[in-house]
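Novice: Each chain is listed here by its residues.
Number of protein chains: 2
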Amino acid sequence: MSAGVSLDCLQTPALLLDVGRLEHNVREMADLCHTHGKALRPHVKSHKTIEIAARQRQLGAVGLTAAKLGEAEVFADAGFDDLFICYPLVGAGKLRRLMMLAQRVRVSTIVDDVDAATELAAAARAAETTIEVLLKIDLGMHRVGVAEPQVDRLAHAVATLSGLSLRGVCIHEGETYGEPDPAQRRTLARERVGRLVEIAERLRRQGLAIDVVSSGATPAVRDVVDIDGLTELRPGNYVFYDAMQAGLGVVPEDRCALSVLATVVSRAGEGRAIIDAGAKALTLDRGVHGLELLEGYGRPRSRSDVTITALSEEHGWLLVAPGSDLRVGDRLEIVPNHACAVVDNFDGLTLVERGAPAGEWSVAARGRMT
Amino acid sequence: MSAGVSLDCLQTPALLLDVGRLEHNVREMADLCHTHGKALRPHVKSHKTIEIAARQRQLGAVGLTAAKLGEAEVFADAGFDDLFICYPLVGAGKLRRLMMLAQRVRVSTIVDDVDAATELAAAARAAETTIEVLLKIDLGMHRVGVAEPQVDRLAHAVATLSGLSLRGVCIHEGETYGEPDPAQRRTLARERVGRLVEIAERLRRQGLAIDVVSSGATPAVRDVVDIDGLTELRPGNYVFYDAMQAGLGVVPEDRCALSVLATVVSRAGEGRAIIDAGAKALTLDRGVHGLELLEGYGRPRSRSDVTITALSEEHGWLLVAPGSDLRVGDRLEIVPNHACAVVDNFDGLTLVERGAPAGEWSVAARGRMT
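Heads up: the protein sequence lines correspond to chains A and B, in order.
First residue of the first sequence? That's 5 in my numbering, and the numbers climb one at a time after it.
First residue of the second sequence? That's 5 in my numbering, and the numbers climb one at a time after it.
Please keep in mind that the hints were generated in silico from the structure rather than gathered at the bench.
One should not assume that every hint holds.
Here chain B is said to cover these stretches of chain A; the calculated rule only asks that three of the stretch's residues, wherever they fall, bring their Cβ under 8 Å from a Cβ of chain B [unchecked claim]: (1) 104-114; (2) 189-197; (3) 238-246; (4) 257-270; (5) 305-319; (6) 347-358.
Some chain A residues close to chain B (C-beta under 7 Å, calculated; not the full set) [what the hints assert, rightly or not]: (7) 71; (8) 120; (9) 333.
Pair ranges (Cβ atoms, derived) [to be verified]: (10) A/107 x B/309: 48 to 54 Å; (11) A/335 x B/39: 42 to 48 Å; (12) B/362 x A/274: 47 to 53 Å; (13) B/41 x A/275: 38 to 44 Å; (14) B/326 x A/359: 57 to 63 Å; (15) A/24 x B/297: 41 to 47 Å; (16) A/359 x B/96: 16 to 22 Å; (17) B/297 x A/297: 45 to 51 Å.
We treat Cβ as the ideally placed atom computed from N, Cα and C, and that holds for glycine.
Extracted from the complex, chain A is given alone in its bound form (with noise of 0.2 Å):
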């Protein structure tokens, strides 16, 4: 954009990139697992967009996850030619949408289940194709994946299936999200990733080929990439980060790239503000997975006299402290509490260089829901 264009432009609330701050993030993860000889396999759910993603990619990332097939379609429209999609595909539909895929790019995807599996196995013979799966294992989070003694029978199964490859195991350590305290959450992450290499290295005793030993979650990153045996990570949000990583102290929290411009539009109350960022722009986030480990809903950056009490959808409550000189048209800079969870409310992306605005990006992927 041109000379002299400020954020004082921007309409609101509007969701800002600080460009610095992403090369930064981006960069230092990237190093990271070149340095201990880790895959990137970064994932796209939490910033579903191009222009990022070619970055991680011109950074070494060996490829890109998805939790969405219509994400990993937009993805591959963009040229990006190895996707994994960390998600059980369940129903014809999607099956068919899965093989169309794999006709053009490189694509893989999970079982937990040998139904599911066998359902997908016959999709690609029907298909006339192989698809590549990896077995995700439960450890920990309760979520989706077979749990850990049934891992054996499950891994067999897959490997007999004519129109699946098995290609390893993967585990998401999203409970890591679950554990403030550092220590605490390093001694867990690094149990769950030795457990997992513990698995593989039994599988291959038993003749499978077990290539890839996959584990994501930003939280658990810098614990585990030192682990022998472990191949592969997938962290999403280490992009932007958000009050919650800053919360965990993964990062301090000027290291957050993302953040939603706001609007005081009313000062009517005592004590209160109203501004134009609500549950629609914010969300009701204050943790993930459920988890409520946040006071209020985002922070706002740079004011100490403010905070973030309630959303109702469009408007969001501040309390404000006595004596604070906030005015009707301030502007207010709010980190998100969970940066992946903002991000698909925006059809956009409003970069910022050096304070002011310096572009665009489209959210490309943005209401890919099936």
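Following the hints, complete the assembly by docking chain B onto the known chain A.
Specialist: Just chain B now, with coordinates in the frame of chain A:
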């Protein structure tokens, strides 16, 4: 769609709209307002959909209410010519857009503050137009709105501002969502509207032209629609209703027209299942305005053996009763806690007639953040 197409063909998560229930809901509210001689100006933030607004207009709505200028612009483009933006419009950029909108449709908005009203008036004069305004009054919601003791001062200030035309007064009875007892809610709602009518009469006695006396909030409409002196109602949610409205006893749950269709994608864990609708589909709302009134994150229809206990971004956690026959691939139709918030997550609504897909409507004003 052609005969034989069933909901099984839809990929999930999908947003379903039962056309019969929608019609019932829209017609009932239109009839109620007509019977009592009240103008109905429905809030489009709940549906953001041209086709629904068109039906509301066909059945007598005098105009539409919007939360965002961008929503109003979408409806103006679609031929709606009487739009009330019930949100304080702050900042030069938004005031410019408001004036452009006023060149092509009848548009009105709210003020709750002398300074903001003065800026709005200056922008109107600069554009050589006049903007109709209602005074937004806070009678207990404690969000946007001038406090009662300052109403007269604001009213006279606005009345003297060239560029503004004072048309009336309005409230949002959002606090009725916090009162689960129907009798007490009725008392509360009538007390609020009674005070609003008194304020209007007092301002008229002071020589001000108060033609519009307007109240919002779906749970309160039936309680206040007969009150003399109230001229207009602005409910939004009623087109769909949702688990929150059913929980308040506003309607039985089988009146809810909107649902999220989801698929069970994992049953790997004992006593639990995972569906492909998480917070990015269902939202974390357990009420509105920050209220947390509901247990769980939506109500699965026709299944008493499951409850939705937690959501991460793309996963819903189900607690499954012992002995349940729930399997991977099964579909759940989930009545969302808060319909207005859920609609905002989807680009389209799948119409359902007699249990089968019958077309799709675009959520045309989705993502209009500013």
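Novice: None of the hints should be skipped; say for each whether it holds.
Specialist: Consistency of the hints with the structure:
1. 104-114: Per the Cβ count (0), the hint is violated.
2. 189-197: It is violated, with 0 qualifying residues against the three required.
3. 238-246: As far as the region 238-246 of chain A goes, the hint is violated, because 0 residues have Cβ atoms under 8 Å from chain B.
4. 257-270: Held - the region 257-270 of chain A has 4 residues with a Cβ nearer than 8 Å to chain B, which meets the minimum of three.
5. 305-319: Our answer is that it holds, as 7 residues pass the Cβ test (under 8 Å) against chain B, meeting three.
6. 347-358: holds (count 4)
7. 71: At about 5 Å, which falls below the 7 Å cut-off, the nearest Cβ of chain B leaves the hint on residue 71 of chain A intact, so it holds.
8. 120: 5 Å, holds
9. 333: 6 Å, holds
10. A/107 x B/309: 48 to 54 Å: Taking Cβ atoms as reference, residue 107 of chain A and residue 309 of chain B lie about 40 Å apart, which means the hint is violated.
11. A/335 x B/39: 42 to 48 Å: 46 Å, holds
12. B/362 x A/274: 47 to 53 Å: Roughly 52 Å apart at Cβ, these two residues keep to the hinted range, so it holds.
13. B/41 x A/275: 38 to 44 Å: The hint (38 to 44 Å, Cβ to Cβ) holds, given that residue 41 of chain B and residue 275 of chain A are roughly 40 Å apart.
14. B/326 x A/359: 57 to 63 Å: Roughly 58 Å apart at Cβ, these two residues keep to the hinted range, so it holds.
15. A/24 x B/297: 41 to 47 Å: 43 Å Cβ-Cβ, so the 41 to 47 Å window holds.
16. A/359 x B/96: 16 to 22 Å: Hint holds: Cβ distance 20 Å, inside 16 to 22 Å.
17. B/297 x A/297: 45 to 51 Å: 22 Å, violated
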